[in-house]
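Build the full structure now, drawing on both the sequences and the hints.
First residue of the first sequence: 276, per this note's numbering; consecutive thereafter.
It is worth saying that the hints were derived from the structure and are not from the lab. Treat the hints loosely; a few may be bogus.
To be verified - Below 25 Å or equal to it, Euclidean Cα-Cα: the simulated DSS-like pairs (lysine-lysine) are: (1) K403 / K376; (2) K375 / K403; (3) K403 / K434; (4) K376 / K303; (5) K323 / K376.
Said to hold, decoys possible - Label-pair ranges, simulated between beta-carbon atoms: (6) S295 / A431: 26 to 32 Å; (7) S382 / S443: 37 to 43 Å; (8) T305 / S382: 37 to 43 Å; (9) R285 / S447: 22 to 28 Å; (10) D495 / V334: 24 to 30 Å.
Just so it is clear, CB atoms sit at the ideal spot from N, CA and C, and this is done for glycine as well.
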Amino acid sequence: MVGEEMIRMRQTGDLLEVESPRPVAEFKITRYLRFDDDLGSILKELSKDSRLREVMAEVGGIRIVRQDPWECLVSYIVSRNCSIPMIRRTLDNLCRKFGKKIVWEESIDYGFPAPEMISQAEPSELVKCSLRYGRRQALELRKMAEFVSEGTMDFAALKRMPYEEAKSALMSFDNGVGNKVADCVLLFSLEKLEAFPVDVWVARAVAQLYQKHLDSESVDRIKREHRLTPKDYKCVSDFGRRRFGRYAGYAQEYLYHWIRLQRGACHLE
DNA sequence: CCCCAGGCACATT
DNA sequence: AATGTGCATGGG
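This is the structure:
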């Protein structure tokens, strides 16, 4: 689903074939897949780092998608402390219960629920979608939905701000938006390709490859697989942005997939 | 029964 | 400002 468009896509060589039940404007697809990024020059710039260059060679092709900000925000609020299959299931439940149903031949799917649907939802109905933190999280989602639909949270304005400013603005809404969620929303939906979200996996990758450049106590905690302290987060994320610059977000995605390949975690997806 | 999964908010110090 | 702790689903 891209917005409320159901799409089937297949890549054969350099050709991308797209099918849909009704005509879909091409820009919706190319915008979602970030065809406006000059991937060649991005990869060339990131390749200046020899360790990252090897990582990129092992991982292969990656694209970052340009998500709808509201969808992205909800997705990462819901994701906290969950496995990827669990995240998918929760989001799917939310769409099935609150989204617009789309039928195409034998395929049935649902659009992502509008903020108005979530702000008016009964907390108990949200909890039924198997939210990891139950009622508390249901209230977080409702609050955010309210901020978005009344315009208190203005995604267009956030896009115009520089990274640091947009990040503190996002985090000031609380209700489930911390460092990680804010950086993910900035990277995947608000045009901040320099954002460098840090989860346990990215922290492990950076601690392993760039140990010398980090605070040694942070490296110790990360290698012992402790939960990340705010200090560790800042240490790794600031390093990522300094090291990889305006396309740090792409570097982050390569590091994330690389370390999961190393640890055999990709089968969990 | 145990463990842990793409963290965050809040209480203590 | 730093550190500790509760949260409370589901799959292995």
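- prompt: Can the suggested window of 24 to 30 Å be confirmed for the beta-carbon pair D495 and V334?
  reply: holds (27 Å)
- prompt: Could one say that the CB atoms of T305 and S382 fall in the range 37 to 43 Å?
  reply: Hint violated: Cβ distance 23 Å, outside 37 to 43 Å.
query: Does 37 to 43 Å hold as the CB distance between S382 and S443, or does it fail?
result: holds (42 Å)
- request: Would you check the hint for K323 and K376, treating anything up to 25 Å between C-alpha atoms as holding?
  value: At roughly 46 Å apart (the allowed maximum being 25 Å), K376 and K323 break the hint.
Restraint check for K375 with K403, where alpha carbons must lie at most 25 Å apart: Satisfied, since the Cα-Cα distance of roughly 18 Å is no more than 25 Å.
- request: Given the hint of 22 to 28 Å, check if R285 and S447 actually sit that far apart at their C-beta atoms.
  value: violated (43 Å)
- prompt: Regarding the pair K403 and K376, is the alpha-carbon distance no greater than 25 Å?
  reply: holds (19 Å)
field: Given hint K434 paired with K403 - CA-CA distance at most 25 Å
entry: Violated, because 33 Å separates the two Cα atoms, which is more than 25 Å.
query: Is it true that the CA of K376 sits at most 25 Å from the CA of K303?
result: holds (19 Å)
- prompt: Can the suggested window of 26 to 32 Å be confirmed for the beta-carbon pair S295 and A431?
  reply: For A431 against S295, whose Cβ atoms are near 27 Å apart, the range 26 to 32 Å holds.
Taken one by one, the earlier hints fail for this structure at numbers 3, 5, 8 and 9, listed in ascending order.
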